[in-house]
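There are 2 protein chains.
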Amino acid sequence: MTKIERVCVVGAGTIGSLFAGYLGSVVEIMVLTRREEHAQALNQHGLRVTGQAELHTRVTASTDPAELKDPNLVIIATKAFSVESSAQKIQGYFPNAHVLMVQNGLGCEEIVKRYGNWPIISGVSFMSGTRHSDTHVEYELDTPTWIGPWAGSNATYEYVLQVASLINHSGLKAAAYRDLLPHQWSKLIFNSAINSITAVTDLPHVKAFAKEDTIADLGNLVHAMMDEAKSIATERGVSLADDPWEMNVKAVGQGVTGGDTYAHIPSMLADVRNRHQTEIDWITGAIVREAAKAEMPAPYHETLYRLVKAREASWSLSINKMSNHSADKEGIDC
Amino acid sequence: MTKIERVCVVGAGTIGSLFAGYLGSVVEIMVLTRREEHAQALNQHGLRVTGQAELHTRVTASTDPAELKDPNLVIIATKAFSVESSAQKIQGYFPNAHVLMVQNGLGCEEIVKRYGNWPIISGVSFMSGTRHSDTHVEYELDTPTWIGPWAGSNATYEYVLQVASLINHSGLKAAAYRDLLPHQWSKLIFNSAINSITAVTDLPHVKAFAKEDTIADLGNLVHAMMDEAKSIATERGVSLADDPWEMNVKAVGQGVTGGDTYAHIPSMLADVRNRHQTEIDWITGAIVREAAKAEMPAPYHETLYRLVKAREASWSLSINKMSNHSADKEGIDC
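In order, the protein sequences belong to chains A and B. Residue 0 is where the first sequence starts when you use numbering that gives the first Met the number 0, and the numbers rise one by one after that. Residue 0 is where the second sequence starts when you use numbering that gives the first Met the number 0, and the numbers rise one by one after that.
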């Protein structure tokens, strides 16, 4: 196997910047950006990481893959809905590279495969951070990225081990798995319920998500939705690494005992609050598609999927842009 | 039967003010208010109606039922969640009155019955308006109020006819039914789906609510939810006056042909936008309770019920009050 000496990160949002900033201490880093001024800023100032570490990395950035040297590894770090345009952009380039994907949800690998024969490594990341500028990212949640060969391509477990070793060597954390699906699905099922419910209720992930005392309690919905997805996973031949309901109970139980200090704002709720397109099609929408493949009913996932899509649609409705939120206009009509 | 000569309106919000303003032209009107300054303003300035008519009515208002003369008819016009405190307030008073209820949803009559032996008339109103001040209401949607004797009390259809006649004589519209349930349930099922979905998507009632072309389309959810409620109605022995799905298709088809001009903001969406408590417990929650009585599953209604309750809960969460909606803080974690 060729030693990994050069890595190209596609998309330098929060996660892409973290990979580029850390990996820059052990290999040569290139960054493919969407915006010209972003590439210029990176070439001029390099990339600064604060938070869990203080790093300053030189990078070579461009909006054109033809201007970048041939990498051994490409990390596609854009949001799920931008993967297709990223793959289109690198079509015909980087013939010797493996591609590592770190999007939420399911289905991005199939998209990349349509644009090239790169061996593909699937990834599940739990890192989080704050992007302060085009050249400065703060690393917050210092958690491992799980990676494994995607079964739809010819990536090998041995190469995955090499990538994991590189990531760990850089100061980030990675764990390699021969079969990533049990991990990918555990996180998918957890995210599908928690993200979509926070997105339509505006309620962060708090204790209420595990409360099942009365019929009105939200935990009943979370539980029913996760049970539905678990049946679909079983039917699709996937056994889960972790139980999503236990992940949920454990997460909201964090913080001071008996207190209400845990209140996490999932990425989809952040997207909705900022009126940014969400990744619903790759998360809850992915489970709806898997249910269809298994010819199984999925009323809970279909419901949350449609609600989040409708919420996104509300942003482009002209009446919502100009609506007056008068407190006194009302009626019994409906 | 005693002629109706004196009417007491309990709660002078938009609907209560419309009843008081119109009925004041044909009978003596009293208004029971929650706030002292509201009663004083009404006693001093009377009640002005604009919009569909120009009226100015003298009323006698008070926060204390002991200060009001004995009415023949009491109209409880508060929101569903305030009916209990209204009933408590008039407990022991108005022994010769019938009580007319005009709340959304189901279940308010049972509450009133616990506080007195008044014969109860159920009502379904579609009126709407804008309340400009404590003494000025604008009448907008000029639609009939449907009324009928509530089976749980000894109100007669003959008396209901008399009340309908009075309302029609005043300039408002009313229609009397021997059995109101088929009408009440048609509106309930329509409202349960449309109101709750608008409340969590922030999308007004628009054409998307009737679109069923792809799996992501919202019309699929509306349809499934209405079918679920129709089965519950059948099991509870109620045959519907109108098909809720047809009501939905017809409503969003209004306006310019092919255009998107119809965009109604239901009361529950208005409540959510203003962070006012919604009537979810009496609308979607009522169908959840009826399903339990019929020992039937109600996954769609339970889901929307829990989501709207969670949305209400989000308003009192301290993290939401102080949350910063930063666009750049994000992660892949969930």
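Among these hints, one or two may not hold up.
Any copy will do: because identical chains look the same in the list, a pair fits if it lies in one copy or spans two.
[What the hints assert, rightly or not] Pairs of lysine to any residue residues, derived as SDA-like cross-links and limited to a Cα-Cα distance of at most 25 Å, are as follows:
1. LYS2 / ALA174
2. LYS206 / ARG57
3. LYS88 / PRO181
4. LYS68 / GLU108
5. LYS112 / PRO94
6. LYS210 / LYS292
7. LYS210 / GLU311
8. LYS229 / ASN219
9. LYS112 / SER169
10. LYS68 / ALA262
11. LYS249 / SER315
12. LYS112 / MET295
13. LYS206 / TYR114
14. LYS2 / GLU234
15. LYS210 / GLY12
16. LYS88 / PRO296
17. LYS210 / ALA291
Derived from the structure by calculation, the hints contain no laboratory data.
Here is what the structure says about each hint:
1. LYS2 / ALA174: within (19 Å within a copy, 83 Å between copies)
2. LYS206 / ARG57: This pair counts as neither: shortest intra-copy Cα distance 43 Å, inter-copy 52 Å.
3. LYS88 / PRO181: Neither. Shortest intra-copy (31 Å) and inter-copy (60 Å) distances fail the 25 Å Cα cut-off.
4. LYS68 / GLU108: within (23 Å within a copy, 76 Å between copies)
5. LYS112 / PRO94: For LYS112 and PRO94, the Cα distance is within 25 Å only inside one copy (13 Å; across copies 78 Å).
6. LYS210 / LYS292: between (32 Å within a copy, 23 Å between copies)
7. LYS210 / GLU311: For LYS210 and GLU311, the Cα distance is within 25 Å only across copies (16 Å; inside one copy 28 Å).
8. LYS229 / ASN219: both (15 Å within a copy, 23 Å between copies)
9. LYS112 / SER169: neither (28 Å within a copy, 72 Å between copies)
10. LYS68 / ALA262: So LYS68 and ALA262 fail the 25 Å test inside a copy (44 Å) and across (54 Å) alike.
11. LYS249 / SER315: Answer is between; shortest inter-copy Cα gap is 23 Å, intra-copy 37 Å.
12. LYS112 / MET295: neither (27 Å within a copy, 46 Å between copies)
13. LYS206 / TYR114: Intra 43 Å, inter 37 Å, cutoff 25 Å: neither.
14. LYS2 / GLU234: Result: close neither inside a copy nor across copies, 40 Å intra and 69 Å inter.
15. LYS210 / GLY12: Intra 35 Å, inter 35 Å, cutoff 25 Å: neither.
16. LYS88 / PRO296: Answer is neither; intra-copy 37 Å and inter-copy 49 Å both fail.
17. LYS210 / ALA291: between (30 Å within a copy, 20 Å between copies)
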